[in-house]
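Chains A and B, in that order, give the protein sequences.
Going by the working numbering, the first sequence opens with residue 1, and the numbers climb by one from there.
Going by the working numbering, the second sequence opens with residue 186, and the numbers climb by one from there.
If you're looking for bench data, these hints aren't it; they were derived computationally from the structure.
Worth double-checking, as some hints may not be accurate.
List of simulated lysine to aspartate or glutamate pairs, DMTMM-like, C-alpha gap at most 25 Å [what the hints assert, rightly or not]:
1. B/K322 / B/D348
2. A/K4 / B/D505
3. A/K150 / B/D196
4. A/K164 / B/D568
5. A/K175 / B/D348
6. A/K4 / A/E14
7. A/K162 / B/D520
8. A/K133 / B/D520
9. A/K63 / B/D348
10. A/K133 / B/E466
The following label-pair restraints were derived from C-beta to C-beta distances [said to hold, decoys possible]:
11. A/E14 / B/P489: 19 to 29 Å
12. A/K162 / B/E466: 45 to 55 Å
13. B/L550 / A/M1: 19 to 29 Å
14. B/A433 / A/L96: 25 to 35 Å
15. A/P59 / B/R564: 38 to 48 Å
16. A/K162 / B/A540: 25 to 35 Å
17. B/R564 / A/L96: 39 to 49 Å
18. A/S161 / B/P560: 49 to 59 Å
19. A/D13 / B/C390: 39 to 49 Å
20. B/K475 / A/K133: 17 to 27 Å
21. A/P59 / B/E490: 15 to 25 Å
Please read all numbers here as calculations on a predicted model, not as lab measurements.
All C-beta atoms, glycine included, are put in the ideal place defined by N, C-alpha and C.
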Amino acid sequence: MDEKIVSLFWDRDEEAIKQTEQVYGTYLQKIAYNILSDREDSKECVNDACLAAWRSIPPHRPKVLRSYLAKLTRQIAIDRLRNRKSVKRKASAYSLSLSELSDTFSCRDSVEEAFSAELLRQAIRRFLHTLPKETQIAFLGRYYYFDSLKEVAAYCGMKESKLKSLLYRTRQGLKNHLIKEGFDL
Amino acid sequence: MNTRQILQALDVADEDLLQEVDRIRCTKHKRSSIGYKWLAAAACLCVLCISVWALANSSQRDTPLIETQILAPSVPLNEEPSLVPSASFIPTESESVLPTGEIMLFHPWSPFYNEATMALDGALRQDLFLFSTELTKEELLSFTPSKKPEWMSLKGYGVFLGDGTLRQIYLTASTSLPETSVTISIGEQEPFYCYVLPEDPQTSCYNGVEYTLTRYTAPNGSAELFGEAKFNGCFYTFSLHGTQDTLAQNEEDFALILQTFAESDIRPEDLATVQPREIPEIFDSPMTYKEAVDLALYGSYFLPEIPAGFTEESIRHHQDPYTAYLSGLWTRGYDELHWKVSVLAEADKQRLVHAEDTERYDLSLYPIPRADSVPKELREVVDNPIFYAEELSPDLIWARAYKSGEQGDSNGWRMTFSVLYGDMVIEVRSKGVDPDWIYEQLVSFFS
Chain A
1 MDEKIVSLFW DRDEEAIKQT EQVYGTYLQK IAYNILSDRE DSKECVNDAC
51 LAAWRSIPPH RPKVLRSYLA KLTRQIAIDR LRNRKSVKRK ASAYSLSLSE
101 LSDTFSCRDS VEEAFSAELL RQAIRRFLHT LPKETQIAFL GRYYYFDSLK
151 EVAAYCGMKE SKLKSLLYRT RQGLKNHLIK EGFDL
Chain B
186 MNTRQILQAL DVADEDLLQE VDRIRCTKHK RSSIGYKWLA AAACLCVLCI
236 SVWALANSSQ RDTPLIETQI LAPSVPLNEE PSLVPSASFI PTESESVLPT
286 GEIMLFHPWS PFYNEATMAL DGALRQDLFL FSTELTKEEL LSFTPSKKPE
336 WMSLKGYGVF LGDGTLRQIY LTASTSLPET SVTISIGEQE PFYCYVLPED
386 PQTSCYNGVE YTLTRYTAPN GSAELFGEAK FNGCFYTFSL HGTQDTLAQN
436 EEDFALILQT FAESDIRPED LATVQPREIP EIFDSPMTYK EAVDLALYGS
486 YFLPEIPAGF TEESIRHHQD PYTAYLSGLW TRGYDELHWK VSVLAEADKQ
536 RLVHAEDTER YDLSLYPIPR ADSVPKELRE VVDNPIFYAE ELSPDLIWAR
586 AYKSGEQGDS NGWRMTFSVL YGDMVIEVRS KGVDPDWIYE QLVSFFS
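Generate the whole structure from the sequences, applying the supplied hints.
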């Protein structure tokens, strides 16, 4: 299915967008809603993601379209949230995830330190590979897909209290790992 | 560095890992919090991902509600059957309130995927945290309603957490059509579903019990029926996979099975009596390279030498009721080498290939996109063929090598294949590793 839709993108056939929305629309909307907590914004986000896919395929040729679209949607939603002029933000799962991480890592929102984003990404990637599967699932479910604690606990088959401890220890582990890799936190 | 950058940096997580996380989320995900009241807390029922459009609010609904008549059963129950009044109207688009009363409504719904497939056993098999055992005759009797249609027979198994706690009972009930069955789950907690519902699901009442019933008909001619309800303190789900040709009979049988369980006396205490006969050992343990090489059974076939410039990411020894393996991952930027050692499983045997069977492994025969060029019956083996170790040659390895056009990823050769040494299988997945170097590693086990 993925390869067929990607081929439509490559052929510049607008059926690609229609099929993308049909097959992945609800899935992507959930990802966006986890960040934005607003249905209309989420729908617009999904539209933007489809447009971003149209613009980037070709030259990209993602092997797994679903993951590619998820990444686009996630990024667009995060950017949209940051650009929101409204002071009041709903306590979206994204905001809650952000505040959890802020407890562990210094939240220097207003001061951008000069560092290599690529080095950070590679360091985090290495860290993820050291984790047991259960922890990988919990960590990425919470901080990549922004599922609520309740949702993550449910599909990881553990109580919320245990999940909170697990995530706390993992955040500490990530912090120590980044310090060891030379990042100034 | 700020926390947003850390969140954004998670984008770099392995595709395979993200997909696996997504699969587990999807397999066991609670319903979305978008407009939802219900909270799920139990194990997954299936890998169907659907979306139910708000019938009251959506302007995109194509199909009006269609009521289903609950007929008196054509095959008598053990006792006198009860007649159900038939429905007599089809609500219009403008009606937003569903009728309640002595009728059961099947609501049409759209799937999350175009082709919905049921893989209950498959989903459970791949789950790290659950195992299942077949119910004994005595246990099955506890979940067999005393009044049931003559054509209905049951098989079942229990699904347990790793510590032996029962999560749910799954029953397979035969119907009046030999090739069709209904899968039933029974649990004390609300089950998980692999779908995201943007609006509150619609329910209807029957005999004083609230049901949610949905129906999906796919372009390929298949039809799914799905129902959920709570009887006597137990949460039930019912699902049937049929065809559009048999839909009418399917709905009749489905409704009768629901009625049968609604009138049964199965209670939460019955669930507590189901125990696993044996709790399997489940673990996923990190290891050092030395521990891995020394590990009995697997270590002799572990990666003999780390490729130059690569760093060890993880080495794990994994075991669950369905699979056991020793695996390692090494990386260099976006380049990767996965090396996995396991015992040949029965299901693997269909991927065994001989050197002369080029159509089963030679990627040069199949241009990208391979979803179109590889014949359907060969897809699984072309994706990951298992060579016989004694037939290995550089040509065989190079037949598996290709380069991808994906920007922002490794530019090196990519390969996926496996090799059989006696009963042991080594699976190799690589990006940016010299195929000749991999060949040298694989033949070193002969020296």
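We went through each hint and held it up to the structure:
1. Between B/K322 and B/D348, the direct Cα distance comes to roughly 23 Å. Compliance with the 25 Å bound is thereby established for this hinted pair.
2. Proposed proximity of A/K4 and B/D505 is contradicted: the alpha carbons are some 35 Å apart, above 25 Å.
3. The hinted pair formed by A/K150 and B/D196 meets the criterion: a straight-line CA distance of about 23 Å does not exceed 25 Å.
4. Our distance criterion of 25 Å between C-alpha atoms is broken by A/K164 and B/D568, whose separation comes to about 39 Å.
5. For the suggested pair A/K175 and B/D348, the alpha carbons sit about 32 Å apart, so the restraint of at most 25 Å is broken.
6. For the given pair, A/K4 sits about 13 Å from A/E14 by alpha-carbon distance, which is consistent with the 25 Å threshold.
7. Between the alpha carbons of A/K162 and B/D520 the distance comes to roughly 35 Å, so the proposed pair goes past 25 Å and is violated.
8. Distance hint between A/K133 and B/D520 is fulfilled; the C-alpha atoms sit about 21 Å from each other, no more than 25 Å.
9. Distance hint between A/K63 and B/D348 is unfulfilled; the C-alpha atoms sit about 38 Å from each other, more than 25 Å.
10. Taken as a hint, the A/K133 and B/E466 pair is honoured in the structure, with Cα atoms around 16 Å apart against an allowance of 25 Å.
11. For the pair A/E14 and B/P489, the supplied restraint of 19 to 29 Å is violated, since their beta-carbon distance comes to about 52 Å.
12. In this structure the hint that A/K162 and B/E466 lie 45 to 55 Å apart at CB is violated, the actual value being about 21 Å.
13. At roughly 23 Å, the beta carbons of B/L550 and A/M1 sit within the given window of 19 to 29 Å.
14. Evaluation of the 25 to 35 Å hint for B/A433 and A/L96 yields a failure: the beta carbon distance comes to about 48 Å.
15. A beta carbon spacing of about 26 Å between A/P59 and B/R564 contradicts the range 38 to 48 Å that was offered as a hint.
16. Distance hint check: the CB atoms of A/K162 and B/A540 are about 51 Å apart, inconsistent with the given range 25 to 35 Å.
17. In this structure the hint that B/R564 and A/L96 lie 39 to 49 Å apart at CB holds, the actual value being about 42 Å.
18. The given range of 49 to 59 Å is respected by A/S161 and B/P560, whose C-beta atoms sit roughly 52 Å from each other.
19. The supplied range of 39 to 49 Å is met by A/D13 and B/C390, whose beta-carbon atoms lie about 47 Å from each other.
20. The hint said 17 to 27 Å for the Cβ distance between B/K475 and A/K133, and at roughly 22 Å that hint holds.
21. Checked against the given bound of 15 to 25 Å, the beta carbons of A/P59 and B/E490, roughly 36 Å apart, lie outside it.
When each numbered hint is compared with the structure, violations occur for hints 2, 4, 5, 7, 9, 11, 12, 14, 15, 16 and 21.
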